Each structure stands twice: as C-alpha cells, then as structure tokens.
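Here is how the chains run, residue by residue.
Protein chains: 4
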Amino acid sequence: MSSIAELTARVRAFAQERNWEQFHTPKNLAMALAGEVGELLAELQWLTPEQSAAVMQDEELGPRVRAEIGDVTIYLVRLADVLGVDLVQAAIDKLEDSGRRYTVEAAYGSIAKVRGDHPGGS
Amino acid sequence: MSSIAELTARVRAFAQERNWEQFHTPKNLAMALAGEVGELLAELQWLTPEQSAAVMQDEELGPRVRAEIGDVTIYLVRLADVLGVDLVQAAIDKLEDSGRRYTVEAAYGSIAKVRGDHPGGS
Amino acid sequence: MSSIAELTARVRAFAQERNWEQFHTPKNLAMALAGEVGELLAELQWLTPEQSAAVMQDEELGPRVRAEIGDVTIYLVRLADVLGVDLVQAAIDKLEDSGRRYTVEAAYGSIAKVRGDHPGGS
Amino acid sequence: MSSIAELTARVRAFAQERNWEQFHTPKNLAMALAGEVGELLAELQWLTPEQSAAVMQDEELGPRVRAEIGDVTIYLVRLADVLGVDLVQAAIDKLEDSGRRYTVEAAYGSIAKVRGDHPGGS
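Residue numbers (the numbering used here), protein chains in the order written: chain S, 5 to 126; chain R, 5 to 126; chain A, 5 to 126; chain B, 5 to 126.
Hints listed in this document are in silico derivations from the structure and should not be mistaken for laboratory results. Here the structure is a predicted model, which is why all the values come from computation and not from measurement. Worth double-checking, as some hints may not be accurate.
[Claimed, not checked] Under 10 Å between C-beta atoms, here's a sample of chain B residues computed to sit facing chain A:
(1) Asn23
(2) Val41
(3) Glu47
(4) Pro53
(5) Glu64
(6) Thr107
[Said to hold, decoys possible] If you want the footprint, here are the derived chain S segments under chain B, 3+ residues with CB under 8 Å:
(7) 41–47
(8) 75–84
[Stated by the list, open to error] Quick list of simulated restraints, FRET-style, between CB atoms:
(9) Gln20/R x Glu63/S: 23 to 33 Å
(10) Asp97/S x Gln55/A: 26 to 36 Å
(11) Arg105/S x Thr52/A: 23 to 33 Å
(12) Asp62/S x Gln55/A: 18 to 28 Å
(13) Gln20/R x Thr107/B: 39 to 49 Å
(14) Thr52/R x Gln55/A: 35 to 45 Å
(15) Glu100/R x Asp62/B: 25 to 35 Å
(16) Met60/S x Thr107/B: 49 to 59 Å
Just so it is clear, CB atoms sit at the ideal spot from N, CA and C, and this is done for glycine as well.
With the hints as extra help, turn the sequences into a complete structure.
Right, dumping it as structure tokens:
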C-alpha cells in the first residue's frame, strides 16, 4: 500500500510539471477540497442510510464514490503539503485531544454533543 | 511518521470504544467531513492569498488550521474505512486518470478547465 | 414578511458600516457560505432522517438550526449582491431548466439521476 | 421581482409533481445544499480575487456562476420550507444578533474575529 508521503510527492510533482503551483494557494486548495467534498455528498444525498451503507456494491455508484474520495484525498494531501502540515500526525493529535473531551464513560452510545470544536460539543 | 493504516485503526477503535458505529453511516460521515471542511474554510476565508500562504506562522491561526486539517483527515479516513475504500490508492488512480486528461503539454500554466469531473473540465 | 431586497440592503449596510467590503470578494464570500453550510450540516449530521424531520421541535437544536439557516442566507444574499445576481430570478430560471430536463413523466418517484449539473444527471 | 414566497411555492410544487418529497428529508436537502455550494466554489477556486470580482462579465463563467447561485438558492429555499423556517426572518434575526456582537466601533475595518458562531469570534 502506497504511503501518504509517496502520494504527497506524486501530487506535488503533478502540480509542478504543469506549472500549477501558482494557483495552489491555501485558500484555493481549501476551496477545491470543499468542491470535491460537495461532489462526494452529491453521490450520497438521495440515498437512504441503508442504501449508502451498500453503495460500494452498486456498479455505477461504487466507482463514482471511490473517484470522489480519491479527489478529496488529493486536495487534502496537497493542501497539507503546501501548509507544511503532517496530516496524519495532526489527525492523531486531534484524536487524542478528542479522547480527553469525549471519554468512553461520558460518551458511550451518545454522540449528541460531538459538533466538531463547538464548546457546546466538548 | 504514522501511516494511514495505523490512523484508520485508531479512528475505528475510537468509534468502537464509544459505541458510535451506529452513527457512522456513510451519509453521516460525509456530512461530518463537509462540516469540518467548512470549519477549515472559516479559518482562511477573510485572509488574502498571501496571508493564507503564511498562516502556519501565525501563533493563533496556525494551530487552529492544523487542528481542522486533523479533523478533516479523521473523518475522511473513517469514511473510507466504513466504505472499504483504500483512500491512498483511490487518490493515485484518480491522479493517473487526471494525468491523461490534463497532459503537461495541454495544461501547462493553465488550470482554467480543471473543475473536477465536469465535462467542461476534461 | 421582509423581502430579499430589504435583506440585501441590510446586509450591504452592515458590511459598509464596518468597512468590511474590502474582505467581501466573491471568493471570500463563497468560502464563508461554505463554512456556514458546514455548520448547518454539523447540527444534523448524527440525527436519523426521522430525527432531522422533527429537529425544529427540539428546544436546543431548533434555534441552532434556525440560526445557521440565517447565516447561510446572509452570505448567499451578500454574494449575490456583490456579483449583481438576482438570486430569486436565477433560481427560477434554473428551476425551469431543470423542469425541462426532469419532466414529471420521466422523473416521477425517481430522483436517482438528479446530481446537479452532471451530464449523468440530465 | 418574484418573491421568496413565490419561489418557495414553485420549488415545493416541483418536488410534489415528481413525487420527490420522500427524498427531501432535512438531512438530504442539507447535503444537496452543500453539494451545490461545492459546485459554486469550483467555478471560483482558481481565480484570483480580482478575477472573481469580474467573473460575471466572463461569457462562459458568468452564466455558470449564476446557475450555481440558482441551484444553491433552490435547495436553501426547499430546506427552509421543509423545516418551516422563514429564511429571510432568520437572517434578519441573526444579523441583529451579529450587530450586537460586532459593533461598528469594535469591528470597523477588522474582520479577524468573525468566524461564525465560534466564541473566539464573538
């Protein structure tokens, strides 16, 4: 399995070869990331929760969903690279922080307060 | 550097320990991903392109941006896990597909047609 | 009931009074719009479809959802104003266009192909 | 100029005629809204701030941006209708609330703290 580091290097090379780095400001990349997440949501929006759980078995939707996850990952990796952020470490640090705020005892079976970083969710 | 596979396992364990898997349908996870991308955009939205390029040096904004990238990564990894998608491989496959559509010769210095999967962008 | 034209004028005055127009480029406003839509999704993401249908009766969530819809509307109205787009007319024109593509005969009870402007959805 | 009330009725009729109300849960509509906002961002993401300010004069991009604003408006209006929220009044109430938090004196020329409802932004 290829690593994030390898993917990061490939996405960087892809942009450099095409002289696209001029367009890859953090704001633009964040917008592109949001655009691709929007496309991913569009594939799932009319499905029931059950249909969404089986989407990868659908001959037409499965590949589309996989492609959108690929696009989202490409832009996330590129944004993290441009910002100099180790996205896996950032995720691990955030997970540990969340683990302290949503302890197993307090949060078991209840997700109501998890709204990202809103204080109401901590 | 931790790998995506390790992060995936940690995020899965985090959800299992708290009996949160019931909430982690692909639709819900896609919505959570969009919510976190929204929080990331909110940190950058009023900055100029130049300010955004220097944001990680800002004592207050740098950590906030890193935390949001962490959150986005957590949900992307969780969604890919629930769907059974290798997100790094999906990204590599999509990058190769894009490489065929946006050849260096045709796309050098010009990003005007890159709008995701819209035919106008292929 | 106040009109969109009145709201547009109030949002414009709000920005002018605070000398915020310098930050209100279409890109920034589109990012802010995405950020607020993200906050709206965050309020609904862990609810079941049935719970989401009853969310306005929830004492805590109802006001939060209403506030987020308010924020989304503010930024949409501001963006349309800055771009000089009549958003109600743009919506009507798009609805008529969609009516031709998704005729009642062809689309009755089936929403599978409606994915925005993707050709696969037309 | 058509009003929001007229647009709301037309969008509702559009859904009813096609027996699409079954798909129009608040969660699904919020996802569709996010998808359309993503398409709007995709049209602007590679433009400079100056290019984005002039986008409506572009023969190709102008109509695309207008169409996306139309789509965003359609789904926002539909979501508000399904939830029973007066979106213009919700916006006015939110604007008045923001006016108290971001007084002209405190916020003149400075938008740094405006990050939606995050306490850090109030």
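Taking the hints in turn, this is what the structure says about them:
{"no.": "1", "hint": "Asn23", "in the structure": "holds (4 Å)"}
{"no.": "2", "hint": "Val41", "in the structure": "holds (5 Å)"}
{"no.": "3", "hint": "Glu47", "in the structure": "holds (9 Å)"}
{"no.": "4", "hint": "Pro53", "in the structure": "holds (4 Å)"}
{"no.": "5", "hint": "Glu64", "in the structure": "violated (14 Å)"}
{"no.": "6", "hint": "Thr107", "in the structure": "holds (9 Å)"}
{"no.": "7", "hint": "41–47", "in the structure": "holds (count 5)"}
{"no.": "8", "hint": "75–84", "in the structure": "violated (count 0)"}
{"no.": "9", "hint": "Gln20/R x Glu63/S: 23 to 33 Å", "in the structure": "holds (31 Å)"}
{"no.": "10", "hint": "Asp97/S x Gln55/A: 26 to 36 Å", "in the structure": "holds (32 Å)"}
{"no.": "11", "hint": "Arg105/S x Thr52/A: 23 to 33 Å", "in the structure": "holds (24 Å)"}
{"no.": "12", "hint": "Asp62/S x Gln55/A: 18 to 28 Å", "in the structure": "holds (26 Å)"}
{"no.": "13", "hint": "Gln20/R x Thr107/B: 39 to 49 Å", "in the structure": "holds (48 Å)"}
{"no.": "14", "hint": "Thr52/R x Gln55/A: 35 to 45 Å", "in the structure": "holds (41 Å)"}
{"no.": "15", "hint": "Glu100/R x Asp62/B: 25 to 35 Å", "in the structure": "holds (31 Å)"}
{"no.": "16", "hint": "Met60/S x Thr107/B: 49 to 59 Å", "in the structure": "holds (52 Å)"}
In summary, the structure is inconsistent with hints 5 and 8 from the numbered list given earlier, while agreeing with the others.
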